[in-house]
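> Chain by chain, the residues run as shown.
Number of protein chains: 4
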Amino acid sequence: MNASAFPLAARDAGTTVVEIGGVEIGGPALVLIAGPCSVESEDQLRAAALSARAAGATILRGGAFKPRTSPYAFQGLGEEGLALLRAVGDETGLPVVTEALEPAQVPLVAEYADAIQIGSRNMHVTPLLRAAGASGSPVLLKRGMSATLEELLLAAETILLAGSENVVLCERGIRTFDSYTRNCLDVGGIAALKRLTRLPVVADPSHATGRRELVTDAALAAIAAGADGLIVEAHPEPEAARSDADQQLTPQELADLAGRVSRVALAVGRELPQVVS
Amino acid sequence: MNASAFPLAARDAGTTVVEIGGVEIGGPALVLIAGPCSVESEDQLRAAALSARAAGATILRGGAFKPRTSPYAFQGLGEEGLALLRAVGDETGLPVVTEALEPAQVPLVAEYADAIQIGSRNMHVTPLLRAAGASGSPVLLKRGMSATLEELLLAAETILLAGSENVVLCERGIRTFDSYTRNCLDVGGIAALKRLTRLPVVADPSHATGRRELVTDAALAAIAAGADGLIVEAHPEPEAARSDADQQLTPQELADLAGRVSRVALAVGRELPQVVS
Amino acid sequence: MNASAFPLAARDAGTTVVEIGGVEIGGPALVLIAGPCSVESEDQLRAAALSARAAGATILRGGAFKPRTSPYAFQGLGEEGLALLRAVGDETGLPVVTEALEPAQVPLVAEYADAIQIGSRNMHVTPLLRAAGASGSPVLLKRGMSATLEELLLAAETILLAGSENVVLCERGIRTFDSYTRNCLDVGGIAALKRLTRLPVVADPSHATGRRELVTDAALAAIAAGADGLIVEAHPEPEAARSDADQQLTPQELADLAGRVSRVALAVGRELPQVVS
Amino acid sequence: MNASAFPLAARDAGTTVVEIGGVEIGGPALVLIAGPCSVESEDQLRAAALSARAAGATILRGGAFKPRTSPYAFQGLGEEGLALLRAVGDETGLPVVTEALEPAQVPLVAEYADAIQIGSRNMHVTPLLRAAGASGSPVLLKRGMSATLEELLLAAETILLAGSENVVLCERGIRTFDSYTRNCLDVGGIAALKRLTRLPVVADPSHATGRRELVTDAALAAIAAGADGLIVEAHPEPEAARSDADQQLTPQELADLAGRVSRVALAVGRELPQVVS
Chain A
1 MNASAFPLAA RDAGTTVVEI GGVEIGGPAL VLIAGPCSVE SEDQLRAAAL SARAAGATIL
61 RGGAFKPRTS PYAFQGLGEE GLALLRAVGD ETGLPVVTEA LEPAQVPLVA EYADAIQIGS
121 RNMHVTPLLR AAGASGSPVL LKRGMSATLE ELLLAAETIL LAGSENVVLC ERGIRTFDSY
181 TRNCLDVGGI AALKRLTRLP VVADPSHATG RRELVTDAAL AAIAAGADGL IVEAHPEPEA
241 ARSDADQQLT PQELADLAGR VSRVALAVGR ELPQVVS
Chain B
1 MNASAFPLAA RDAGTTVVEI GGVEIGGPAL VLIAGPCSVE SEDQLRAAAL SARAAGATIL
61 RGGAFKPRTS PYAFQGLGEE GLALLRAVGD ETGLPVVTEA LEPAQVPLVA EYADAIQIGS
121 RNMHVTPLLR AAGASGSPVL LKRGMSATLE ELLLAAETIL LAGSENVVLC ERGIRTFDSY
181 TRNCLDVGGI AALKRLTRLP VVADPSHATG RRELVTDAAL AAIAAGADGL IVEAHPEPEA
241 ARSDADQQLT PQELADLAGR VSRVALAVGR ELPQVVS
Chain C
1 MNASAFPLAA RDAGTTVVEI GGVEIGGPAL VLIAGPCSVE SEDQLRAAAL SARAAGATIL
61 RGGAFKPRTS PYAFQGLGEE GLALLRAVGD ETGLPVVTEA LEPAQVPLVA EYADAIQIGS
121 RNMHVTPLLR AAGASGSPVL LKRGMSATLE ELLLAAETIL LAGSENVVLC ERGIRTFDSY
181 TRNCLDVGGI AALKRLTRLP VVADPSHATG RRELVTDAAL AAIAAGADGL IVEAHPEPEA
241 ARSDADQQLT PQELADLAGR VSRVALAVGR ELPQVVS
Chain D
1 MNASAFPLAA RDAGTTVVEI GGVEIGGPAL VLIAGPCSVE SEDQLRAAAL SARAAGATIL
61 RGGAFKPRTS PYAFQGLGEE GLALLRAVGD ETGLPVVTEA LEPAQVPLVA EYADAIQIGS
121 RNMHVTPLLR AAGASGSPVL LKRGMSATLE ELLLAAETIL LAGSENVVLC ERGIRTFDSY
181 TRNCLDVGGI AALKRLTRLP VVADPSHATG RRELVTDAAL AAIAAGADGL IVEAHPEPEA
241 ARSDADQQLT PQELADLAGR VSRVALAVGR ELPQVVS
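Residue numbers (my numbering), protein chains in the order written: chain A, 1 to 277; chain B, 1 to 277; chain C, 1 to 277; chain D, 1 to 277.
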């Protein structure tokens, strides 16, 4: 790979610490981003946020505009979901990150959220990358399900070129021939990205595995490989979730994940700040 | 695969012949869609259109808004390209199809073009699918580079549910572990789609192979497998093209492709209408 | 790809017509190799051979040593199957090809069969390639399920270097992320191989699709792309087959395939010799 | 996945600790297997063994029969290599594991080595699996480069059914569309295997990444995901190696890997026994 293809994102451009609502990503401390797949109701979101915060998460995630394969599946609450995210984020002191699905949604998402997520299905969508990059908000860019590392870096370059200074990359598993796990977490890719780019890299073990019982082990692997943090789906009652029921953690599982992650973090010279209860 | 997941697109909903600017796709006659990867200039486009028409093509393709992996690559002429497409299409009597990259572009593209293309990078982008479906224009939907057949059919269902009656599917090769060819044309997928959906299916041998010398053989394979037509990149001077220089055919190669395709078409009970010169 | 990596197999080494029991592969005429997945009994094999011959097949295939994923699945009749192949082949005038699974089996298989098949699971197994190459028998080399074209050519080179002059390559579909079809027939790969190597290339539409209803369309695609022949699984009663029940053709389907193939063959300047009944 | 397909390997059959030359795999302590890709000379192997032992490795690896894609590449020293392995293993007190490429080699390999490796290219080769299983030696079974987890477990079942009680699984990276790394280490697969089977699971970060600078991070990820050990390529002078020069670690890098692994091991409740120097 020729780093001259992405001069703004390249490693020799330095090391970037991205700040999302006061929380730093890419510094010595790891970040835990957690929350439900979809925002479903105020009660659900508040419960998710409180348990995320209790587990040590410092950023809240949740989908308001949901990209779904079937047009008959739940598509998210839309702007109502954004408003709930903002309200619950303010109430719990957690900055929020959520996805924008099209350029025209970017200003609205930027108004409510502290960071804009570009989802895996959209990593190749230049107009959306540009709109996010021009918005002034930090951008969490997920790797496409079959995007090469170079394509991910060129997508990041597109955002940076559009004016953003704050891009976080997210490895979320790639599509392979084996469907036992939903995707395959590319830990070698995480390690490679840390050498190729100045941008922080987080991992999404939820989409990478698609199976609740494997999420924590994949999370530990990502941290061991050098990831700067995690974005994890958790829900007060996963079995009642309107999307991704199989891969969302319970509050207890999330707390357990955080405890185990914090031990591995120390072993690799990082730290996951733990809540003082 | 459970066809009840896509009731509007399913086979038992009948057989659909889609009309683009008076040209039927999905009937007994095959359709040849040809033209340059990118609209570069009026002269280039006119030359491409004339040679396409001479070869038997009845629809002109050309990109005005180009989805590119690198933000530093040529991004297309934009609306100027759309205007050139319309003018050259009218001049040569060829309806035109071109890509829209975001929902907000759909009305503009629909104004200039006879059909809207949804590109491979965008097959999963629900807002764009919906906007195209609601536009009233026919839609040419390309399979995502790592989309399953079911995901392609659900994307078509999204367009149909948004109000369109006219969707053409396009198999353009899928991403595999072997990079000798740019992608792998899924001829079994073409045959399967013809059994799974009422919608016409065309093939793009240019992106499927990425190598000029292999385009015609892949085109013949697609027709033999049951495709209803082809969309082929051709350029007056491929080596001078501003994008996809390696895979665009010369006028002579396109004419040769059409001649060979017409023979295979007859062998499988179809026909590629040939120009009367 | 650098053809100097496989000097014996390379295109500029000429064009090779391989002879199997008097039947030429790689000349102007296409070859149809047909027969059951597994040899199950004398009656089954004779019925299969007669219907294969009636359809125009000139070589009989059938597995005696079956490579199976599960150790609990039917593993073939072994040497008894070889003897049946030889007897039925002699009776019907059809040369036979069958698989050897390990170097030590090669002499035995060579004694009974007119050509030795190296299966997809074994394409990378150097000792077997060498043993087959040294046997003096023609070798039918199937592409590994995730082997690149270059790896296939290097496997062929290994056989040639071991002393064989008669190697036929077989594209049998590659493994991808989509499991609707068992594999994906790489027609671009067929076209590429014809340009890269002097060796004949046949296609296996049965394993490429894994679905009876798609086999013929895939076969037509392979011929249109330039394949020199086909190897097709057919069984007197597919639903009663002890292996690959879903993809074996009935005698009538095989005859239909042959008829349709012969028309496409003529359209691409080849010929499938038809039986005079 | 239905565990009844592999009753001998299934999880509910218990938990197996495999012993190789007195070293336990699958118990509380992790195992580090290290050594050169190929045995090249007595001096090279002794230097590799001493540095492996100094780093904490308790089993020596090294290839005598090398499976190579090109027939023109170095194929290993053969029986001379086996003898060197035995001699150096005895001298340094390290049991040795090395690959057998065909059934007929199994007795020879079993005579010299403490465990027989089945390589990735051979995971599907039933006769070799059976021969290894019947040999009485422990077997290190590497996952095929595009084998599903279920196929790996069925290959293990084949070995167990042939009589072995001692099988160690090895995840060594799977083939994907991205060639920046040689393969993609499937950490979710490691975590899944630990739940699906009673057999120990080790990881090969060398082949998984193919890049020296990424090997250690991938090794840490594997341990964090639950692997019972590592098999790592290391060479006294990697740049002079006759195979896999890009991915072999220097003695210093191996020692560094071991130190970092031991810290992550403790964080996940395991231990990598460290050498007392």
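Be a bit skeptical, because a hint or two may be false.
What the hints assert, rightly or not - If you want a taste of the chain C side facing chain B, the calculated C-beta under 10 Å gives, among others: (1) Arg11; (2) Leu50; (3) Ala110; (4) Asp178; (5) Thr181; (6) Cys184; (7) Leu214; (8) Ala225; (9) Ala267.
To be verified - Facing chain B, a subset of chain A residues (Cβ under 7 Å, in silico): (10) Arg11; (11) Pro67; (12) Thr69; (13) Pro71; (14) Glu102; (15) Pro103; (16) His124; (17) Pro127; (18) Glu151; (19) Leu154; (20) Glu157; (21) Thr158; (22) Arg212; (23) Thr250.
No lab work stands behind these hints: they were computed from the structure. Remember, it's a predicted structure, so these values are computed and weren't measured experimentally. Backbone N, C-alpha and C fix where the C-beta goes; we use that ideal spot for every residue, glycine too.
> Against this structure, judge whether each hint is valid.
Each hint, compared with the structure:
For arginine 11(C), the shortest C-beta to C-beta distance to chain B is roughly 12 Å, which exceeds 10 Å, and the interface hint is violated. Contact between leucine 50(C) and chain B, as hinted, is not supported at the beta carbon level, the nearest pair being about 27 Å apart and thus beyond 10 Å. At about 31 Å, the closest approach between the beta carbon of alanine 110(C) and any beta carbon in chain B exceeds 10 Å, and the interface hint on this residue is violated. Satisfaction of the interface hint for aspartate 178(C) is found here, the shortest Cβ-Cβ separation to chain B being roughly 4 Å, below the 10 Å cut-off.
Evaluation of the threonine 181(C) hint against chain B yields a held restraint, the C-beta minimum of about 4 Å falling below 10 Å. For cysteine 184(C), the suggested interface contact is upheld, since its CB lies about 5 Å from the closest CB of chain B, less than 10 Å. Contact between leucine 214(C) and chain B, as hinted, is supported at the beta carbon level, the nearest pair being about 5 Å apart and thus within 10 Å. The beta carbon of alanine 225(C) is positioned within 10 Å of a beta carbon in chain B (closest approach about 4 Å), and the interface hint is therefore held.
Annotation: interface hint on alanine 267(C) holds; nearest CB of chain B at approximately 4 Å, less than 10 Å. For arginine 11(A), the interface hint is violated, since its Cβ never comes within 7 Å of a Cβ in chain B; the closest pair sits about 18 Å apart. The interface hint given for proline 67(A) is met, as the beta carbon of that residue sits about 6 Å from the closest beta carbon of chain B, less than 7 Å. The criterion of a C-beta within 7 Å of any C-beta in chain B is met by threonine 69(A), whose closest approach is roughly 5 Å, and the hint holds.
Satisfaction of the interface hint for proline 71(A) is found here, the shortest Cβ-Cβ separation to chain B being roughly 4 Å, below the 7 Å cut-off. The criterion of a C-beta within 7 Å of any C-beta in chain B is met by glutamate 102(A), whose closest approach is roughly 4 Å, and the hint holds. A distance limit of 7 Å between C-beta atoms decides the matter here; for proline 103(A) the minimum to chain B is near 5 Å, and the interface restraint holds. Hint on histidine 124(A) holds. Least Cβ distance to chain B is approximately 4 Å, under the 7 Å limit.
About 4 Å separates the beta-carbon of proline 127(A) from the nearest beta-carbon of chain B, less than 7 Å, and the hint is met. Taken as an interface hint, glutamate 151(A) checks out: its beta carbon lies about 6 Å from the nearest beta carbon of chain B, inside 7 Å. At its closest, the beta carbon of leucine 154(A) sits 5 Å from a beta carbon of chain B; the interface hint therefore holds under the 7 Å criterion. A least Cβ separation of about 6 Å between glutamate 157(A) and chain B falls short of the 7 Å threshold, and the interface hint therefore holds.
Hint status for threonine 158(A): holds, given a least beta-carbon distance of 4 Å to chain B, under 7 Å. For the restraint placing arginine 212(A) at the interface with chain B, the shortest Cβ-Cβ distance is roughly 23 Å, beyond the 7 Å limit, so the hint is violated. Taken as an interface hint, threonine 250(A) does not check out: its beta carbon lies about 29 Å from the nearest beta carbon of chain B, beyond 7 Å.
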